[in-house]
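Participant: Read off the chains here:
Protein chains: 2
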Amino acid sequence: MTFEELPAAVVQTDSDVVAGFAHDEAQLVDRRLPLAVLSPRSTDEVVACLRAAASAGLAVVTRGAGTGLAGGANAPDGSVVLSTRRLDRIVAIDVEERLAVMQPGVVTADLRSAVADLGLFYPPDPGSVATSTIGGNVATNAGGMCCVKYGVTGDYVLGLEAVLADGRVMRTGRRTVKGVAGYGLTSLLVGSEGTLGVITEITLRLLPAPPPPATVVATFASLTDAGRAVERITGDGTDVSLLELLDATTLAAIDAHTGMGLAAEAMLLVQSDLPDPGPAIDSVQAACEAAGAVDVVVTTDADEGAQLLEARRQALPAMERLGDWLLDDVCVPRRSIVALVEGIAQVADDVGLTIGVFGHAGDGNMHPTIVFDRHDPDSLAAARRAFDAITALALELGGTVTGEHGVGRLKSGWLARELDPVALDVHRTVKAALDPHGRLNPGSVLS
Amino acid sequence: MTFEELPAAVVQTDSDVVAGFAHDEAQLVDRRLPLAVLSPRSTDEVVACLRAAASAGLAVVTRGAGTGLAGGANAPDGSVVLSTRRLDRIVAIDVEERLAVMQPGVVTADLRSAVADLGLFYPPDPGSVATSTIGGNVATNAGGMCCVKYGVTGDYVLGLEAVLADGRVMRTGRRTVKGVAGYGLTSLLVGSEGTLGVITEITLRLLPAPPPPATVVATFASLTDAGRAVERITGDGTDVSLLELLDATTLAAIDAHTGMGLAAEAMLLVQSDLPDPGPAIDSVQAACEAAGAVDVVVTTDADEGAQLLEARRQALPAMERLGDWLLDDVCVPRRSIVALVEGIAQVADDVGLTIGVFGHAGDGNMHPTIVFDRHDPDSLAAARRAFDAITALALELGGTVTGEHGVGRLKSGWLARELDPVALDVHRTVKAALDPHGRLNPGSVLS
Numbered sequence: 001m002t003f004e005e006l007p008a009a010v011v012q013t014d015s016d017v018v019a020g021f022a023h024d025e026a027q028l029v030d031r032r033l034p035l036a037v038l039s040p041r042s043t044d045e046v047v048a049c050l051r052a053a054a055s056a057g058l059a060v061v062t063r064g065a066g067t068g069l070a071g072g073a074n075a076p077d078g079s080v081v082l083s084t085r086r087l088d089r090i091v092a093i094d095v096e097e098r099l100a101v102m103q104p105g106v107v108t109a110d111l112r113s114a115v116a117d118l119g120l121f122y123p124p125d126p127g128s129v130a131t132s133t134i135g136g137n138v139a140t141n142a143g144g145m146c147c148v149k150y151g152v153t154g155d156y157v158l159g160l161e162a163v164l165a166d167g168r169v170m171r172t173g174r175r176t177v178k179g180v181a182g183y184g185l186t187s188l189l190v191g192s193e194g195t196l197g198v199i200t201e202i203t204l205r206l207l208p209a210p211p212p213p214a215t216v217v218a219t220f221a222s223l224t225d226a227g228r229a230v231e232r233i234t235g236d237g238t239d240v241s242l243l244e245l246l247d248a249t250t251l252a253a254i255d256a257h258t259g260m261g262l263a264a265e266a267m268l269l270v271q272s273d274l275p276d277p278g279p280a281i282d283s284v285q286a287a288c289e290a291a292g293a294v295d296v297v298v299t300t301d302a303d304e305g306a307q308l309l310e311a312r313r314q315a316l317p318a319m320e321r322l323g324d325w326l327l328d329d330v331c332v333p334r335r336s337i338v339a340l341v342e343g344i345a346q347v348a349d350d351v352g353l354t355i356g357v358f359g360h361a362g363d364g365n366m367h368p369t370i371v372f373d374r375h376d377p378d379s380l381a382a383a384r385r386a387f388d389a390i391t392a393l394a395l396e397l398g399g400t401v402t403g404e405h406g407v408g409r410l411k412s413g414w415l416a417r418e419l420d421p422v423a424l425d426v427h428r429t430v431k432a433a434l435d436p437h438g439r440l441n442p443g444s445v446l447s
Numbered sequence: 001m002t003f004e005e006l007p008a009a010v011v012q013t014d015s016d017v018v019a020g021f022a023h024d025e026a027q028l029v030d031r032r033l034p035l036a037v038l039s040p041r042s043t044d045e046v047v048a049c050l051r052a053a054a055s056a057g058l059a060v061v062t063r064g065a066g067t068g069l070a071g072g073a074n075a076p077d078g079s080v081v082l083s084t085r086r087l088d089r090i091v092a093i094d095v096e097e098r099l100a101v102m103q104p105g106v107v108t109a110d111l112r113s114a115v116a117d118l119g120l121f122y123p124p125d126p127g128s129v130a131t132s133t134i135g136g137n138v139a140t141n142a143g144g145m146c147c148v149k150y151g152v153t154g155d156y157v158l159g160l161e162a163v164l165a166d167g168r169v170m171r172t173g174r175r176t177v178k179g180v181a182g183y184g185l186t187s188l189l190v191g192s193e194g195t196l197g198v199i200t201e202i203t204l205r206l207l208p209a210p211p212p213p214a215t216v217v218a219t220f221a222s223l224t225d226a227g228r229a230v231e232r233i234t235g236d237g238t239d240v241s242l243l244e245l246l247d248a249t250t251l252a253a254i255d256a257h258t259g260m261g262l263a264a265e266a267m268l269l270v271q272s273d274l275p276d277p278g279p280a281i282d283s284v285q286a287a288c289e290a291a292g293a294v295d296v297v298v299t300t301d302a303d304e305g306a307q308l309l310e311a312r313r314q315a316l317p318a319m320e321r322l323g324d325w326l327l328d329d330v331c332v333p334r335r336s337i338v339a340l341v342e343g344i345a346q347v348a349d350d351v352g353l354t355i356g357v358f359g360h361a362g363d364g365n366m367h368p369t370i371v372f373d374r375h376d377p378d379s380l381a382a383a384r385r386a387f388d389a390i391t392a393l394a395l396e397l398g399g400t401v402t403g404e405h406g407v408g409r410l411k412s413g414w415l416a417r418e419l420d421p422v423a424l425d426v427h428r429t430v431k432a433a434l435d436p437h438g439r440l441n442p443g444s445v446l447s
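Heads up: the protein sequence lines correspond to chains Z and C, in order.
Residue 235 in the UniProt record's numbering is what sits at position 235 of the first sequence, and the numbering runs on without skipping anything.
Residue 301 in the UniProt record's numbering is what sits at position 301 of the second sequence, and the numbering runs on without skipping anything.
What the hints contain is simulated information worked out from the structure, not anything from laboratory work.
Copies of the same chain look alike in the list, so a pair counts if it fits in one copy or across any two.
Mimicking SDA-like on lysine to any residue, the simulated pairs with C-alpha atoms at most 20 Å apart in a straight line are:
no., residue 1, residue 2
1, K149, E96
2, K149, Q285
3, K149, L120
4, K149, P208
5, K149, S283
6, K149, V95
All of these numbers come straight from a predicted model, not from anything done at the bench.
Sequences are here, hints too, so could you generate the full structure?
Facilitator: Structure (structure tokens):
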């Protein structure tokens, strides 16, 4: 099988088209032009694409919607991009067993809404939910605001079909709730960012739809107070379905963007979707008040709750208005969130850039967002210094270099610092065993 | 490093001692005598043991408490057993971050009670909880009655330390709630039954202790009625923390054993540990009544609930009194539970043996328990036929050959039937990459 033998509809080499598939949303990562974009319409065509790439000795970078933030979909020179955009079919939704089978190119929001129509719930809700694909979510093990209660994408993946580097089709996992037959190959593929195989079908576990959530929004006169509230809420084990923190820089940017009249050192947004959320919400309110909240607003009205969440949803658009942005992703032990946010404020001072911090405080997973000008070499260099300092700080605090965005090309060097040398070596061993010619997304995850 | 160079306290070769470490609780699996039992007291000593085994060219079978039911700890001829019994220290419990670090030989019940003393909860509760070890639970990805709400052991493993076949020490995972840095090596080791490395330290995520549960016990005039109640309860998505089914054969055995006065075609035991379990319990009661339950007993008293659960806890002891027993473990889609239990009754008729079925109906994970006489060749042959028929039935129903006990030596042939050929080949590739000389538990998982 060669590229010439692939159906003409599958292969695009026009440079304008190819440029649109060349990279994801990551900053600080090289952007090159791949030789071609392959858009297979079936697992068989994925097999043909991988065989053709093997014949030609070319690297293959698999790409969902290109919303990644770690350069995992950035195609190196001399590679081909395999787009999953035409593999966009929901194959089956089994209401009784609460599972769904789909191709990787299904947009996450579409899947969520298709199952919601049947009274079911697919929790993972990465920021890119409206445009990113289930395949990309699985490949990066994406998270979102749901994770404090519902975990990450990988927690919902029951089984996969994947095409290996040599073109063989492998099925992993099961359709039952439980099962321990054999090695965790499903989990090995989840989060492997296209370096071990091309995922062509996904079986997801679903939940019954929860009731609409009740919401608490609290502002604080200091970040430390907000941090104390987070500690109380998570320490109590209160059943919350969302627990987000916004720092003063982010709030100021949102205020400038929306005129919402936000002015606080920190804000917490908390939801509970229990059938009777009263006790949980009371407990959150009490925790915020005990931590010295300036203002606490509570609503059990779902629409009002959605309006209150709007500040959080405007965080990235507000930061975007300030310039180029690098939406970073680190995760620390919950007790270190305040130290992380304070340390990042110090980094912002040191490098002379605006860095807003917001994110999933309930998980310790924060998104420092560095604002810079990529056309100004000094500003770019400062952004890079800030990025390195923040990542180093997360490791110092006992955290990880990525909570939910993945390693990609942006953090492959940092992965090597986070992992112990033997684990890094075992990564290379596994990669070499499954992709001996290093053809699948080379340079991503492992540099 | 040779065996002679190991500290004398680590190596035991006395045949009486060795015999006590030769096998687990599985039936229908060969039992041989290993050459020696190694009981290292530290990770360094585990390294020395594996290096000595490598020098001597011997296979190493790692063993926790030996409560396994799939022969995963059965030592083949010419092997050494590595016992984790002296690696029994809880290293740390971090209340604030809700995690615990321990050596593999810690007894599961001890860990559960140590964290309970601090207001925390480690959910996994395999039937062997009082004697099995966390290391064994991780190696088999053990489950229990908690799984319907709380998932399996692997859902709680944040990170591991493991010694590889060549004696290198690898650390995987993290101490944060979230993290996607690198491949899922933690998940790869979980459930790998000692075939990929020897686990020497485990970091577990914990939960806040839930309130004492409320309990519903319902009896039914037919298995179909009970199955319909299970469908209603799981279909509604009612938040239950336990959902167990006992069939008529098991109930009769329990009645004979305890004189509890049980006589029904099927019984369901259901619990909810929500802070306010009222609505969930009402919903369970309504589901049972709508399905035609003969009798429904409800209590919110924890002690009374524990007494009601006693029938379930007596299931295995009651079956044990009838003869030798093979406690099997299959998992099917929830909608197929009735078909599975009815099919097993047919198998029991066909082979002329008593087979009681009980287990985790909320997960579709049932434990058909075959009663036979292993000293009677005909009875043994019938048990083997029943075992094969039940396992084949589970696969026919879209299920898996093991829901929570593991593959071990008992089901390695069945694993090869369940997996697709490429996935099986990738299992062998991963095994060869991490243990090129096939020294770790050869013959287990992969035959």
